[in-house]
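Residue numbers (my numbering), protein chains in the order written: chain A, 1 to 221; chain B, 1 to 243; chain C, 1 to 193.
Incorrect hints may have been included.
What the hints assert, rightly or not - Below, a list of computed lysine to any residue pairs in the SDA-like style, where the Cα atoms sit at most 20 Å apart: (1) K91(C) / A116(C); (2) K238(B) / A45(C); (3) K91(C) / S108(C); (4) K43(B) / K114(B); (5) K173(B) / W121(B); (6) K91(C) / A19(A); (7) K91(C) / P3(A); (8) K153(B) / E20(C); (9) K153(B) / L167(A).
No lab work stands behind these hints: they were computed from the structure.
Listed here are the chains, written in short residue letters.
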Amino acid sequence: MSPAPILAAFRQSLGEAWAGGAGALLPLGFLGGAAVLVPLGIGSDGETLKAVGPGIIWVALALASLVTLERIFQADAEDGTLDLWLQAGAPVSAVAAAKTLAHWLSAGLPLALFSPLLALMFQAEASPSLLVNAGLYALGSLAFFFWGGVGAALSATVRRGGLLISLIALPLFVPTAIFGALAMSGGPGSTGAPLFLAASTLFACAVAPYAMAAALRLAAD
Amino acid sequence: MWSYFANPHKFLRLSDWLAPLFYALAAACILYGLWQGLWVVPKDEYQGGDIMRVMFVHVPAAWLAMASYSALAIASFVWFVWRHELADIAAKAIAPLGAVWTALCLATGSIWGKPTWGTWWQWDDARMMSVLFLFFLFLGYMALRAAMDTRQKAARAGAILAMVGAVNIPLIKFSVDLFTSLHQDASVITAEGPKMAAVYLTPLLVSALGHSLLFGGLVMTSMRTEIRERRIARLRAKELEAF
Amino acid sequence: MSSEARPLLSAIGLGMIRGERVLFRDVGLALRAGEALVLRGANGAGKTTLLRILAGLTRPEAGDVARGAGHHWIGHREGLKPQETPREHLKLWAQAWGSPTDSDPALSRMGLARPADVAGRYLSAGQRRRTALARLLLEDRPVWLLDEPYTALDAEGRALVDALIGEHRARGGAVIAAIHGEAGFAASGDLTL
Chain A
1 MSPAPILAAF
11 RQSLGEAWAG
21 GAGALLPLGF
31 LGGAAVLVPL
41 GIGSDGETLK
51 AVGPGIIWVA
61 LALASLVTLE
71 RIFQADAEDG
81 TLDLWLQAGA
91 PVSAVAAAKT
101 LAHWLSAGLP
111 LALFSPLLAL
121 MFQAEASPSL
131 LVNAGLYALG
141 SLAFFFWGGV
151 GAALSATVRR
161 GGLLISLIAL
171 PLFVPTAIFG
181 ALAMSGGPGS
191 TGAPLFLAAS
201 TLFACAVAPY
211 AMAAALRLAA
221 D
Chain B
1 MWSYFANPHK
11 FLRLSDWLAP
21 LFYALAAACI
31 LYGLWQGLWV
41 VPKDEYQGGD
51 IMRVMFVHVP
61 AAWLAMASYS
71 ALAIASFVWF
81 VWRHELADIA
91 AKAIAPLGAV
101 WTALCLATGS
111 IWGKPTWGTW
121 WQWDDARMMS
131 VLFLFFLFLG
141 YMALRAAMDT
151 RQKAARAGAI
161 LAMVGAVNIP
171 LIKFSVDLFT
181 SLHQDASVIT
191 AEGPKMAAVY
201 LTPLLVSALG
211 HSLLFGGLVM
221 TSMRTEIRER
231 RIARLRAKEL
241 EAF
Chain C
1 MSSEARPLLS
11 AIGLGMIRGE
21 RVLFRDVGLA
31 LRAGEALVLR
41 GANGAGKTTL
51 LRILAGLTRP
61 EAGDVARGAG
71 HHWIGHREGL
81 KPQETPREHL
91 KLWAQAWGSP
101 TDSDPALSRM
111 GLARPADVAG
121 RYLSAGQRRR
131 TALARLLLED
141 RPVWLLDEPY
151 TALDAEGRAL
161 VDALIGEHRA
171 RGGAVIAAIH
181 GEAGFAASGD
191 LTL
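Using the sequences and the accompanying hints, generate a full structural model.
What follows is the structure in structure tokens.
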């Protein structure tokens with residue numbers, strides 16, 4: 001098996017994600033906007049914000065992945081690119097994984113790297129643990145993108161697929177959200193949580209591409 | 001064995017008498033369970049007094065919530081591998097019924113929870129959360145099927161999603177279990193065998209059997225309807241072709 | 001060229017159902033080197049679906065397809081992204097297929113030298129069509145599956161398609177094309193659905 005089609009799929013998706021020049025700025029704006037609404041909704045009490053901050057960032061990351069992924073497979077199905085990828089001679093699961101990874105690099109990873117700033121806005125102490133948390137956000141958002149990709153591939157031919165993606169992906173996001181929040185809580189059970197988070201992300205990377213491949217074949221059928 | 005069950009004609013003949021039998025037995029079991037649960041067994045003050053009698057609906061519903069998703073996943077797998085249309089018809093019939101019992105489980109749990117724990121919804125209760133996500137899986141499955149434009153696509157998309165959900169359930173369950181819980185520990189089946197008093201256990205098991213029979217009967221009836229609907233659609237299509 | 005040679009592409013007993021409607025049943029074909037088969041049929045008869053089955057994109061309800069050689073697919077959707085230029089498009093697919101990356105000959109042959117660096121969203125339908133057809137020149141594959149290749153093309157473009165098909169057949173390639181109206185090349189057979 002030649003890696004050429006997979007690399008080409010990766011490159012095309014990167015190009016797509018940065019088309020129009022906005023690239024990671026758009027998801028960043030979305031994350032910032034979603035996070036800023038929360039203090040407006042629950043009040044500006046420092047202790048409260050400190051408590052909910054990490055969770056809000058997880059929620060915003062999950063939402064950002066859904067918003068980003070909504071169009072990726074749908075556009076491929078509509079413009080005929082999907083037909084070409086299915087005949088490109090590479091495993092469809094690898095092509096789907098490459099595309100998902102490219103979108104995670106353009107939206108998920110920048111959001112995770114941006115998270116310490118948001119955490120400071122949520123009254124977190126400036127400390128190295130914010131960088132550790134950024135790593136955890138990066139790890140967890142990868143799982144969000146892979147499971148979200150399954151939802152996106154399944155609803156690639158559905159009009160107004162965005163709502164459907166959210167409904168499909170929500171239960172699949174649960175382990176990541178729980179392990180991620182636990183890992184940052186510092187409370188009981190938080191020591192093993194980063195490992196569980198890593199394991200659930202690995203699981204997503206291993207299983208989701210096959211589901212995406214089956215769903216993409218269906219979308220082209 | 002599969003090919004025997006995969007034959008719609010044989011299924012129609014079998015379910016013709018089996019479904020009514022299921023309904024009759026279900027009625028007997030559920031009525032017995034309710035009679036025992038509501039009037040005969042003593043109330044347990046530790047479990048909230050009379051409200052604990054909701055258990056005779058809640059526990060069977062919880063059992064069916066899990067059993068119905070397992071049935072959905074198995075039917076989806078069988079369809080995906082062997083492409084027996086009847087397996088897809090079964091999956092399509094199971095989903096809404098499973099969602100109803102899952103909702104019933106959530107509702108009765110909530111009603112039981114208010115007087116016992118003082119809250120309608122306990123966020124850090126592992127089982128409430130697991131059942132809630134099961135409910136979402138059912139909803140997603142039905143929404144996805146409904147969004148597909150042909151029955152073949154609905155079958156394929158549904159099967160993929162049901163299997164993805166099934167492989168995720170252990171992980172979801174495990175993650176949710178990490179939360180501490182106010183809820184009692186599993187008490188019907190434990191490693192040392194049932195530890196619940198027999199006075200509750202017998203009516204509970206009869207009730208669970210009754211709900212399962214009702215579920216099975218409804219699935220069969222729903223499948224019969226679907227088989228006939230597909231036949232009608234086929235006949236209509238043929239008629240159109242003849243024009 | 002012997003007619004006993006193994007066909008480049010063959011199918012037997014193909015049948016397809018959409019919803020509850022039977023599109024076609026018991027369709028068979030064998031495509032040998034140098035042949036050009038034209039698919040005909042009214043709108044909705046299943047020409048596109050049959051081509052997609054031959055390409056392996058759609059799973060037939062019944063029957064089998066045997067592919068003895070690689071194929072090119074030109075569907076009615078071009079596969080060109082709105083932000084992609086014809087040059088980028090050809091470069092991408094040349095890379096994906098692992099073939100030489102010089103796309104200039106293909107571009108100039110298809111009359112795309114001028115709009116080669118214009119993004120897909122600004123191209124006309126005919127220019128997008130030509131970009132898709134240029135993929136045929138990137139890599140030599142024996143079988144071409146063409147869905148309505150003349151769509152949106154002007155007279156010169158149609159003549160170009162005919163010329164490409166002629167050269168391809170002379171090289172020992174074969175073509176299956178779904179075509180409405182007149183084919184500009186001498187078909188070796190018609191298949192009406």
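Status of the hints after comparison with the structure:
1. In summary, the hint linking K91(C) to A116(C) is supported, as the alpha carbons are separated by about 11 Å, within the 20 Å threshold.
2. Taking the CA atoms of K238(B) and A45(C), the gap is about 15 Å. The hint holds against a cut of 20 Å.
3. Distance restraint check for K91(C) and S108(C): the Cα-Cα separation of roughly 14 Å lies within the 20 Å cut-off, and the hinted pair is therefore satisfied.
4. Among the hinted pairs, K43(B) with K114(B) is consistent with the structure: their alpha-carbon atoms are about 17 Å apart, no more than 20 Å.
5. A threshold of 20 Å between alpha carbons decides the hint, and for K173(B) with W121(B) the separation of about 18 Å falls inside it, so the pair holds.
6. Straight-line distance between C-alpha atoms of K91(C) and A19(A) comes to about 17 Å, which keeps the hinted pair within the 20 Å bound.
7. Proposed proximity of K91(C) and P3(A) is supported: the alpha carbons are some 16 Å apart, at most 20 Å.
8. For a cut-off of 20 Å, the pair hint linking K153(B) to E20(C) stands: about 12 Å separates their Cα positions.
9. The straight-line distance between the Cα atoms of K153(B) and L167(A) is roughly 19 Å, inside the 20 Å bound, and the hint therefore holds.
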